[in-house]
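Given the sequences, and given the hints that come with them, work out the whole structure.
Heads up: the protein sequence lines correspond to chains A and B, in order.
Each residue of the first sequence is one higher than the last, beginning at 101 in our numbering.
Each residue of the second sequence is one higher than the last, beginning at 791 in our numbering.
A hint or two may mislead.
[What the hints assert, rightly or not] Distance ranges between label pairs, derived from CB positions:
| id | chain 1 | residue 1 | chain 2 | residue 2 | range |
| --- | --- | --- | --- | --- | --- |
| 1 | B | E1037 | A | A387 | 35 to 45 Å |
| 2 | A | I472 | B | I834 | 31 to 41 Å |
| 3 | B | E959 | A | L120 | 35 to 45 Å |
| 4 | B | E1022 | A | A387 | 26 to 36 Å |
| 5 | A | S401 | B | D857 | 33 to 43 Å |
| 6 | B | L1063 | A | A359 | 48 to 58 Å |
| 7 | A | A145 | B | D857 | 53 to 63 Å |
| 8 | B | R864 | A | K126 | 30 to 40 Å |
| 9 | A | A145 | B | D853 | 37 to 47 Å |
| 10 | A | A387 | B | L1058 | 30 to 40 Å |
| 11 | B | E1037 | A | L142 | 46 to 56 Å |
| 12 | B | R1027 | A | L130 | 56 to 66 Å |
If you're looking for bench data, these hints aren't it; they were derived computationally from the structure.
A virtual CB, placed ideally from N, CA and C, is assigned to each residue, including glycine.
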Amino acid sequence: MTPSQAQSTSEVRRVIRFVLAELWPKGPLLTPFNLISIPVILLGAGILAVRFVYGLGSVTNLSQSFPWGIWIGFDVVTGVAFAGGAYVITFVVYVMGLEKYHPIVRATVLNGLLAYVFYAGALVLDLGRPWNVINPIIGNSFGYNSVLFLVSWHFMLYMLTELLEFSPVIAEWLDLKRLRRILNALTLGAVIFGVTLSTLHQAGLGALFLMAKPKIHPLWYTEFIPILFLVSSVYSGLSMIIVEGTISHRVFSNQLDAAKHHRFDEMLLGLGKGAAITMFVYYFFKALVFLHDRQFDLLASRWGAWYLFEVLGCVLVPCVMFIYAVRTRSTGLLRVAAIWSLFGILLNRLNISVIAFNWQAAVHYYPSWQEIVVTLTVIFTEIWVFRWIVVRMPVLREAHELPRAASPAVRPSV
Amino acid sequence: MDRRSFLKFGAATGMALAARETQATEPAQPEEFVGVLVDTTRCIGCRSCERACSVANNLPVPDVEKDGALAQVRDTSDHQWTLVNRFETSKGEVFVKKQCMHCWQPACGAACLTNAMYKTRTGPVIWRPGKCMGCRFCMISCPFDVPKFEYNSWNPKIQKCSMCAERLEQGQKPACVEACPTDALMFSSKRQLMEVARVRIYSHPERYVHKIYGEYEVGGTGWLYLSAVPFEEIGFRTDLGTTPYPEYTKPFLYGVPLALFGLPALLLGLSQLAHNDDNRLEGSES
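Now the structure itself:
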């Protein structure tokens, strides 16, 4: 055995030993989050077992008139909109070169990656015949004409792209310097590919509903749904970064020093400005579609009031709040505005996919408790994985801040 | 023209038209889409078609004499591909058969990402179990809400009328058409069915509304309907438009290659512009 071979085998052994050691939990198990999430996850797993044995009807309220419930309307359609931050931030940092936002790239990309794995992955739970999920990929049955074909390919490619964008962090964590250099060199390409894919599938999720023309309430159906979905995904992603960043800066505050906390507040104001502008563009476009279709008579109904609540109450109001928060430099108000606009996104996506879908039906769909538990299971599992990674890998802190030898002692307990 | 000669003329054309009707039942040419003409004025609500369909397609056979199903308006289901509904209309009781319309450009087929929903070259829209992943996007897209899903099975199938595609391959007619005792159903190529339908309307203008449902609806359907009363009265949606449904996603799909190649070019250009600036890090923003 040559010395270099011996070196590389010992390197592999080191990495394996390190990963095995890292698998072990690093903090107290009896935290409030764990006490809530563990029973929910176990219950969700049980419900899913029932679902795969007795069929979707045994745990969901889905019906022949409502083939898609919250597993699609919330988990997939809303979840992907919430994950829009990754493509916006990587665009801003790597393409436009705004280094100011570099410190939040890793957390945002990790969030995007996990959101796609879990929320887009939740699609598989909803598939009646999931063993055929490979069909549109291996090429024995390409449905080129299908929007869903495009969306599923983009989901898959985008997950790989985000993994590539995040991979330097993994290489740093494992202390693989040469691999890190190679992966770093690929980043710009990955980002450009990722932004392109995101643009298309954010719009594509909206295009899924274009053929449901006779089913969606005319206040929500427009041929411009894809563009509306794309534009709103920008501020949805920015708002999510604000909310998620705020939470993880509280929870993982021992990974950050005072200077970073201060810089984060500065970044929030910038993100808020971006959100305010894109929200206004979205609002303007919504109004344009409304005026162009001359839908005034539709407003005088319960659906009209609901529509106004969504567009005025959950787009225009948080938009104005964003503007005011940025001008008065109030990060508190900024966070309220971010949560509010995320609620608006949730409302919009659910309206199109579930609430105003088949609005004339005699019996309308509402989610069963099992559907809600499974949705919570998906969210909680994602948070577990996110926490596992953030505690171990240099996501919030920077790698060079923590020399390898010192790292275990400095690591926070979670 | 006096009344007498008008009647004579009418009888003569009627006979000529009847002759053409028999012609129309000849097998369609292979490259033409086939379909079925449903004349609701001829349907007596015996539901022989329901029974024949269930037998031919291995579905639970309804007890059409005793189950009293005509009392309410029903929808097809995951175990019933076709059914007859009874409507009380301005011209009395009307029976209407319901099943997949076999659109010329089916929304379900355009929606399907695995080509499991598939329009065969002869016209039937069929479902292929080996390809389907059960996403139910076909159900979201179908303007007639035809595809039905087996929610209570670990191995669910999409259930819908296949126009008896396998029987057609063997040169037979769809089971329902063969079972119909009153010739309310006629199987042929759409071109010939349209001729027959028009002839019936022209020769009995007082009996029919002057519209053939399925001629233009959603870009044309394989199944066509004649009716004595406006179609809204017998459970048809008349607000579906005449655009083939795949057209609604076409502009988006055409935009995809544009974005797929245009955007990377734009983004690469932008990044070059931004990164060639030496003052990037020390510059204005920080």
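A quick look at each hint next to the structure:
At about 27 Å, the beta-carbon gap between E1037 (chain B) and A387 (chain A) misses the expected band of 35 to 45 Å. For I472 (chain A) paired with I834 (chain B), a C-beta distance near 49 Å fails the hint of 31 to 41 Å. Against the hinted window of 35 to 45 Å, the Cβ-Cβ separation of E959 (chain B) and L120 (chain A) comes to about 60 Å, which falls outside the hint. For the pair E1022 (chain B) and A387 (chain A), the beta carbons lie near 34 Å from each other, so the given range of 26 to 36 Å is met.
About 39 Å separates the C-beta atoms of S401 (chain A) and D857 (chain B), a value consistent with the hinted range of 33 to 43 Å. A C-beta distance of roughly 31 Å is found between L1063 (chain B) and A359 (chain A), which places it outside the suggested range of 48 to 58 Å. Checked against the hint of 53 to 63 Å, the pair A145 (chain A) and D857 (chain B) fails, with Cβ atoms roughly 42 Å apart. Taken as a hint, the range 30 to 40 Å is violated for the pair R864 (chain B) and K126 (chain A), whose Cβ atoms sit roughly 60 Å apart.
At roughly 43 Å, the beta carbons of A145 (chain A) and D853 (chain B) sit within the given window of 37 to 47 Å. Remark: the range hint 30 to 40 Å for A387 (chain A) to L1058 (chain B) is upheld by a beta-carbon distance near 35 Å. Between E1037 (chain B) and L142 (chain A) the Cβ separation comes to about 48 Å, which falls inside the hinted range of 46 to 56 Å. At roughly 58 Å, the beta-carbon separation of R1027 (chain B) and L130 (chain A) lies within the given 56 to 66 Å, and the hint holds.
Taken one by one, the earlier hints fail for this structure at numbers 1, 2, 3, 6, 7 and 8, listed in ascending order.
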